[in-house]
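Colleague: Construct the complete structure from the given sequences, taking the supplied hints into account.
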Amino acid sequence: MRNHKGITRRQFLGSLAVASAGLSLGDTALAEEEPKRYAKLHDSTKCIGCKRCMSACKRWNKLKVDRFEELTDRETDLTGHTWVVVNLTRDIKNGEDLSYLHWACQHCQKPACAGACPVKAIRKMPEGPVVIDEKKCIGCRYCYQSCPYKVPRFDFGKRITRKCTMCYDRIPIVKPACVAGCPVGALDFGLRKDVLLQAKKRVETVGGYLLGEYEAGGTDFLTILKTKPEDIGLVVAPKKVVSEDLDKIRITSSGFLGAGVLVGLMYIYSRTGEGE
Amino acid sequence: MMHNITQTGNTNSPAYYIWISILLACIVLAGYALVMSLLINMEIFEFSLKIPWAMLVSNYVFFVGSSIGLCIVSSLGYVFGMKRYEPIGRRGVFLAIITIIFGMSSIGFHLGHPERAMIYSLLTPNIRSAMWWMTTLYSFYIVFIVMGYWFLARVELTKIANSSTGIKQRIYSLMVLGKRDESHESVKKDHKKSQIVGALALISGLLALLMEGAVFGHTEARALWYGSYYPVYFLFSSASCGYAWLLIATIITYKVKKEEISGKLKNLIFEMAKIFALLLCVGLLFTSYKLSSGLLDPIKSKSIMLLLKGPFSLPFYLFEIAIGTVFPIFILLYSAKKEKIGGVLTASIMVLVGVFVMRYDFVVVGGVYPLFSPMGRDISVLLPSFFPALMEIYIVGGIIAACLLAYTLGVKYLPLKEESH
Ligand code: SF4
Ligand code: SF4
Ligand code: SF4
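As they're listed, the protein sequences go chains A and B.
Numbers given in the working numbering equal positions in the first sequence, counted from 1, plus 25.
Numbers given in the working numbering equal positions in the second sequence, counted from 1, plus 518.
Among these hints, one or two may not hold up.
What the hints assert, rightly or not - DSSO-like, lysine-lysine: derived pairs with alpha carbons at most 30 angstroms apart:
no.: 1; chain 1: A; residue 1: Lys264; chain 2: B; residue 2: Lys855
no.: 2; chain 1: B; residue 1: Lys820; chain 2: A; residue 2: Lys273
no.: 3; chain 1: B; residue 1: Lys773; chain 2: A; residue 2: Lys265
no.: 4; chain 1: A; residue 1: Lys183; chain 2: A; residue 2: Lys225
Claimed, not checked - A few chain B residues that don't get close to chain A, going by computed Cβ distances all over 12 angstroms:
no.: 5; residue: Gly549
no.: 6; residue: Phe669
no.: 7; residue: Val750
no.: 8; residue: Ile769
no.: 9; residue: Leu813
As the list claims (entries may be wrong) - With beta-carbon atoms standing in for the labels, derived distance ranges:
no.: 10; chain 1: A; residue 1: Tyr294; chain 2: B; residue 2: Ser657; range: 51 to 61 angstroms
no.: 11; chain 1: A; residue 1: Glu255; chain 2: B; residue 2: Tyr807; range: 28 to 38 angstroms
no.: 12; chain 1: A; residue 1: Lys89; chain 2: B; residue 2: Arg688; range: 30 to 40 angstroms
What the hints contain is simulated information worked out from the structure, not anything from laboratory work.
These numbers come from a predicted model, not from an experiment.
We treat Cβ as the ideally placed atom computed from N, Cα and C, and that holds for glycine.
Modeller: So this is what it looks like as structure tokens:
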């Protein structure tokens with residue numbers, strides 16, 4: 026047992042801050058404080074668009090094949106049973122510059138989806154994955170509406186919302202299925218701090234953009250782009266946490282104000298013209 | 519005799535049976551759609567995989583908003599003690615009950631697993647989610663509003679029970695839970711209780727409604743919805759819906775039953791029409807605020823432009839602005855001045871139709887336009903159609919029909935009119 030006198034004032038204040046942060050964030054912990062945080066990395070400068078990650082994901086997660094997949098190189102979209110897509114992107118400024126983009130859940134460090142789910146079916150694991158509990162999901166699709174990347178999709182057969190799980194049932198012992206399936210090393214997986222370091226170096230050499238370091242408050246899926254996201258028509262989340270709790274409280278309180286005004290007006294109206 | 523209202527009226531004419539059959543047919547169609555969705559796939563409800571919140575959600579928003587609006591209007595009488603509003607009190611509360619129940623059924627059909635919703639809302643509530651607050655508060659609201667009606671109608675129900683025999687008597691005494699006291703004392707007590715329960719219903723209803731606005735307002739990822747606008751706007755727009763429903767129901771019921779509308783009620787109708795017009799003007803102010811503030815905001819302006827000149831502009835100008843707000847304001851003011859009941863009825867129907875389309879527009883436009891979309895392409899190219907799917911229409915049609923059926927039966931068997939003491 027640790028003697029409480031041994032704790033300095035500073036430590037005590039520090040732990041208070043952590044405790045209050047923990048309180049305000051609910052289940053989501055701060056990423057920086059997680060030494061065991063992992064991350065997935067996609068390097069679009071290396072990707073050849075073979076879509077093996079897509080089929081590896083389907084195989085591991087036993088997902089149905091969608092109709093559109095029979096056509097190669099057509100733009101594909103996430104669905105309840107396609108948790109990752111690979112699409113061809115074109116640099117708007119320099120039309121010749123093509124690259125493939127592997128797109129899936131970004132595993133936000135403070136996921137808006139988890140804050141929206143009414144029944145706490147979505148949790149952020151300390152290792153990094155944001156996972157939907159499929160036995161609990163009620164199929165309301167609010168997570169989809171809250172997600173800045175429109176990731177969680179409704180599976181109409183199973184009547185639940187599904188998405189990439191960062192293969193939480195494989196990691197960290199085995200790499201995620203898509204990473205393991207990539208033939209050219211365009212996907213990687215490891216401790217977030219290592220992955221981040223490696224990605225930053227790579228961005229420096231190819232002169233691209235690192236997506237996910239700060240977007241949506243930081244994500245545990247990082248992407249190396251050849252150019253800035255807007256140059257390939259990719260609209261990304263702002264560099265801040267999306268749908269923060271304080272912001273939600275601010276919005277709700279204006280509703281309280283509105284309700285107060287309405288009741289006040291009703292009261293005033295009810296006092297008019299009575300007693301004739 | 520007071521309780522005779524529940525038995526008289528030419529409700530057993532052929533027209534009555536035709537009306538009931540049409541409603542039943544609509545309900546059967548909805549049942550068919552529901553069974554098919556269970557047998558085949560829920561996908562048949564969706565006209566586009568990219569719009570996961572569509573007509574079932576907008577229909578829900580429409581109905582529950584109407585219910586709170588009805589609660590607001592009727593509570594003017596029995597909570598705030600406005601004698602003028604008492605004649606429409608019971609009808610208002612009864613309509614509030616059926617609209618909330620069928621509104622909730624709409625979201626029940628939308629959910630993938632409604633049964634889990636009930637369990638896990640209790641077991642693992644997420645207090646960070648506006649949706650959890652909304653459903654919880656609506657559950658309280660339903661309890662209070664049903665209790666409110668009970669206290670308002672118990673004496674009338676007792677009178678029917680006491681003056682009838684056999685099975686009918688048993689049913690009505692079951693409805694009053696065996697409390698067959700007709701004394702002046704008990705009437706007074708009921709009145710007091712209805713006031714308290716009504717206040718609770720009003721509070722929980724308003725909170726639920728603002729939380730419903732917050733469900734949309736909290737989603738920073740959807741530009742059109744995000745912000746403080748909808749939690750406030752919903753409150754005022756629902757109040758005007760409440761007026762529309764009550765005016766329509768009251769006027770049509772009297773017309774169908776070929777009963778004379780008393781002078782008092784007439785005065786009330788024209789007063790309501792004026793307040794209704796005022797609320798619509800407030801709504802217009804809200805809309806102009808939404809447009810102007812939205813156009814100034816670089817992120818919001820894209821989804822606002824979708825309303826102003828995109829594929830949604832027709833419903834926006836025609837239904838939201840013209841049919842749903844501007845024309846009715848003039849018609850209401852004119853009819854109130856010239857004392858024309860028909861004008862009030864027409865304007866109210868127009869508003870309800872306008873609001874119904876507006877809710878659809880609001881849910882779908884807000885949902886389609888991404889604040890950030892991975893591929894960032896032109897939205898109108900990405901989306902195939904904005905028109906609801908056939909099965910979706912069946913379900914919504916069935917819900918509306920069920921609501922009308924419940925009201926028709928309510929008029930026939932329950933005391934909805936207020937009697938003068
Ligand atoms: S990208 Fe969307 S689904 Fe994935 S964690 Fe972030 S908010 Fe949730
Ligand atoms: S769809 Fe499922 S996971 Fe998503 S918010 Fe609703 S209950 Fe939660
Ligand atoms: S991490 Fe796993 S679930 Fe996610 S895309 Fe890769 S294989 Fe699929």
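Colleague: For B/Leu813, which was marked as not at the interface, is the minimum beta-carbon distance to chain A over 12 angstroms?
Modeller: Given a closest Cβ separation of 19 angstroms, the condition holds.
Colleague: With d taken as the least Cβ-Cβ distance between B/Val750 and chain A, does d exceed 12 angstroms?
Modeller: 3 angstroms, violated
Colleague: Within 30 to 40 angstroms or not, the Cβ separation of A/Lys89 and B/Arg688?
Modeller: 55 angstroms, violated
Colleague: Do the Cβ positions of A/Tyr294 and B/Ser657 conform to the proposed distance bound of 51 to 61 angstroms?
Modeller: 29 angstroms, violated
Colleague: Find the nearest Cβ of chain A to the Cβ of B/Phe669 and say whether that gap is larger than 12 angstroms.
Modeller: 19 angstroms, holds
Colleague: Do the Cβ positions of A/Glu255 and B/Tyr807 conform to the proposed distance bound of 28 to 38 angstroms?
Modeller: Roughly 30 angstroms apart at Cβ, these two residues keep to the hinted range, so it holds.
Colleague: Keeping to a limit of 30 angstroms between CA atoms, is the pair of A/Lys183 and A/Lys225 held or broken?
Modeller: 40 angstroms, violated
Colleague: Please verify that the nearest CB of chain A lies beyond 12 angstroms from B/Ile769's CB.
Modeller: Consistent with the label, B/Ile769 stays out of reach of chain A, its closest Cβ about 22 angstroms off (over 12 angstroms).
Colleague: For B/Lys773 and A/Lys265, compute the direct alpha-carbon distance and say whether it is at most 30 angstroms.
Modeller: At roughly 59 angstroms apart (the allowed maximum being 30 angstroms), A/Lys265 and B/Lys773 break the hint.
Colleague: Measuring Cβ to Cβ, find out whether B/Gly549 lies farther than 12 angstroms from everything in chain A.
Modeller: Non-interface label stands for B/Gly549: nearest chain A Cβ at 19 angstroms, farther than 12 angstroms.
Colleague: Compare the distance between the alpha carbons of A/Lys264 and B/Lys855 with 30 angstroms, and conclude whether the hinted pair is satisfied.
Modeller: 57 angstroms, violated
Colleague: Between the alpha carbons of B/Lys820 and A/Lys273, is the straight-line distance 30 angstroms or under?
Modeller: 23 angstroms, holds
Checked against the numbered hints above, the structure breaks hints 1, 3, 4, 7, 10 and 12 and satisfies the rest.
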